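Asker: So you can see what is in the structure, the chains are spelled out below.
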Amino acid sequence: MTAELSFVNVSVSRHDGSRVIRVLDRLSFELEPGQLIAVCGQRRSGKTTLVRTAAGLIPPDSGQVRLDGLDPWARSPLLSRAPKPRVALVSEDGGRRRWKRRRVIDLVRRRAPARTSGRSARSLAMRQLQELEVAHLAESPWRDLGLRERVLVALAEALTAQPRVLVTDNLSLALGMGERDLVGHCLRHAASTNEAAILMVTENVTDTLNAHKIALLGDGKLVMPDERMPGQAGTVLRLPSRERSA
Amino acid sequence: VVVRLHTSIPLIIGIATVNTTTFGWPRCRRSRELLPSARRAATTQVVAGVSAKHAVLGLVIERPGYGYQLAQRLQERCSTWGWEPTGVYRALETLSKEGSLRQQGEKGSSESGRAAPRLIYRATHVGEERFQAWMSERSKPRPQRQDLDLKLLFAGPPDIPVLLEQIGCEEQTCVRELTALANALEDSQRMRPTTLRDVVRKLHRERDALVLEARVRWLGNARLTLTELAEARPPGTRT
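One line per chain: the protein sequences are A and B, in this order. Quick note: the first sequence uses the numbering used here, first residue 1, plus one each step. Quick note: the second sequence uses the numbering used here, first residue 247, plus one each step.
I should point out that these hints are in silico values taken from the structure, not numbers from a laboratory. Since no wrong hints were added, every one of them can be taken at face value.
Calculated cross-link-like contacts (lysine to any residue; reagent style SDA-like; alpha-carbon spacing at most 25 Å):
| hint | chain 1 | residue 1 | chain 2 | residue 2 |
| --- | --- | --- | --- | --- |
| 1 | A | K221 | B | L427 |
| 2 | A | K221 | B | L470 |
| 3 | A | K221 | B | E477 |
| 4 | B | K448 | A | S192 |
| 5 | B | K448 | A | C186 |
| 6 | B | K448 | A | E131 |
| 7 | A | K221 | B | N429 |
| 8 | B | K448 | A | A174 |
| 9 | B | K448 | A | L182 |
| 10 | A | K221 | B | V408 |
| 11 | A | K221 | B | E474 |
| 12 | A | K221 | B | P407 |
| 13 | A | K221 | B | L475 |
| 14 | B | K448 | A | E179 |
| 15 | B | K448 | A | R188 |
| 16 | A | K221 | B | E411 |
| 17 | A | K221 | B | A468 |
| 18 | B | K448 | A | H212 |
| 19 | A | K221 | B | W464 |
| 20 | B | K448 | A | P225 |
| 21 | B | K448 | B | A426 |
| 22 | A | K221 | B | V457 |
| 23 | B | K448 | A | E203 |
| 24 | B | K448 | A | H185 |
All figures in this text were calculated on a predicted structure; none of them were measured in a lab.
Modelling step: build the complete structure from the supplied sequences, incorporating the hints.
Answerer: Here's what the structure looks like:
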């Protein structure tokens, strides 16, 4: 099976004054269709950088990111006429909207996949809003929503688009306990029904319990169970030093 | 008689907890090697030192049953506690000796009654009272003792590379266990729990996950600190 999202030795650095800090250090992993992977990391462990790199928003310093079978940095995305990867990103505050007066149902509806008729796009959007228990907000304008509601609506938008790769950035920050469960369940459901590859990044280890695969992010590196040797003690990790300056 | 019985309950339980049938790691008889289940449990002793006695008593009070059935029910209820089926039989024996359970023969399960007769265990009045007393007494938190942590206490500088390797292995084992914890759940059970049993089960799962996370964080920190130490000082020099 081909991977929808793959990282091969991806490194990303950040400039802090004259210092260069390596935020992601040679990460390699693959995400197959229908798979939900949860990455758990503490604050400042590089979670948002990982999310933005996986969504094709940050170019890697070295290594390769492949999204939906394409390399998002192969050519300048503005000049390229090549098909764009179908990726959706849900950020921790639900992201910004240009038209703040627009109703929720219109925001979600316009995300429906291409060649969907108006009526079925609306029903698709309504179903997604119902699944996330925010159907009562359908007629409210975006600017009236609270943080919690914005996150849930943004997730409904992303799920309506039926992307090949979905990346979520620490959604539980804005959500309560029950909603975290709901979001986890919806993501799992989306992975199995839409065959989407989902990367869920979170701070809470309890959110990861809905995932197929779990990895821990620390010091720019991922600790993942080694699949080559199931049931045996894992291979030794390369030991990172505390100096992350490249 | 009733008053005497009541005053003697804490005493009996006090003795019982001292003599608890705490189960060691199950070993293969022949090779003296740890079974895979024990190896797994040995890496993360979430439940070391807690007796299965009260769990078995609780199960019998809920519904009488025979040994194998009880072992299966215990496995279903407390799957992450790492208790072996043999422990259930030992607990049943102890409880019967104490008078908390009484045995009752039953005819074979097949229609002709020819299958092997089973001993059905039922809780006695004393057993139920003891269980209630256990439920209402205050329980002490137990320290978590891990083999690796003890090794660190006695390690010299030449041992550091080996220990770093072991730390790396244990980190991966923790992540694998976390994954197993997540995948043990059916999709239908993922939604909001409604009954008390489901809620408690979910809480237990979250507890297991948090314990594993704490372990991984500590291991990561230990790895970094020891690596720094090993790099600062050439190996083989003992202070």
